[in-house]
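*Asks:* Line by line, the protein sequences give chains A and B.
With my numbering, letter number 65 in the first sequence gets 65, and the count goes up by one each step, no holes.
Here my numbering runs 166 ahead of the position in the second sequence, where the first position is 1.
No lab work stands behind these hints, which were simulated from the structure alone.
A virtual CB, placed ideally from N, CA and C, is assigned to each residue, including glycine.
Among the hints, a few may not be true.
What the hints assert, rightly or not - Covered stretches of chain A, as calculated for chain B (at least 3 residues, CB under 8 Å):
hint, segment
1, 8-21
2, 29-36
3, 49-58
4, 118-125
5, 145-151
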Amino acid sequence: MRDAARVAREGDGARIDMAGNVAEVLRFILTDFADALAADPAGPDGVPDDLLFPDAYPRKADSADFRARHGQAMRGEVAAAVARVLAAWPGGQVLVLDRGGVLDLRLTLVHAQVRYLRKPRWKSAPPDERYAKKDREVKSLWLQQLELMVTAVVYVDPGKPIIYTL
Amino acid sequence: MHHGGSWIVEIHNDHVNTSTGVSLVLEELIGLSTEDGRQMAEDIYEHGSADFTPVSQAEAERLVAAFQVRGLNAKLRKARRA
Chain A
1 MRDAARVARE
11 GDGARIDMAG
21 NVAEVLRFIL
31 TDFADALAAD
41 PAGPDGVPDD
51 LLFPDAYPRK
61 ADSADFRARH
71 GQAMRGEVAA
81 AVARVLAAWP
91 GGQVLVLDRG
101 GVLDLRLTLV
111 HAQVRYLRKP
121 RWKSAPPDER
131 YAKKDREVKS
141 LWLQQLELMV
151 TAVVYVDPGK
161 PIIYTL
Chain B
167 MHHGGSWIVE
177 IHNDHVNTST
187 GVSLVLEELI
197 GLSTEDGRQM
207 AEDIYEHGSA
217 DFTPVSQAEA
227 ERLVAAFQVR
237 GLNAKLRKAR
247 RA
């Protein structure tokens, strides 16, 4: 197993078995994202609310008001989910998640793409996996694929196990 | 902030969330069955967006915030009067 992960259903959640390098990269991506969420959103290392969350209203002014009312609490919920994933996983090659853990990891994998996409994710075209070469393209594709595997495995019939391979 | 009236929550398709991920969020947040969640996720993928039944503005904002926290492209708009 080189650059690989296997995801299988376990209980009502998922079990991810990763190669050492995959575990290392995933841990880096999650830690980096947690740090970015904790940084000043207006600073160079932070993530502004308008890159994290799309406009809620058709009018920009209404969307800005929405962010003023809810943005901080929403950011706090995302940060809490990332923190729960990191707390449940010290960084070894096996990550076992219950249903709540799968939901937390899914949320994290979707939002963490903000670190690698040029545009907000709701405006981005997906990188072409045949030609993705740049580190940020490969990482965003990688996060999308892992998100697909982790969510799909929840719907797998436990009596007919399917293992998804990255 | 606008007050009163009915507001519609919309979920829009994007290139980041997968259908299974959207389906899982719909089950978690609004209690859709697996089958209904999959159907709605398919509708969003095929038609570009899906609307929910109109609710109060406060409830619509609460739902949009919850969907956006989970990474979905959710918005709200004022419902037109019949």
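*Asks:* It remains to establish, for every hint, whether it holds in the given structure.
*Replies:* Hint check:
no.: 1; hint: 8-21; result: violated (count 0)
no.: 2; hint: 29-36; result: violated (count 0)
no.: 3; hint: 49-58; result: holds (count 6)
no.: 4; hint: 118-125; result: holds (count 4)
no.: 5; hint: 145-151; result: holds (count 3)
The structure shown violates the earlier hints numbered 1, 2.
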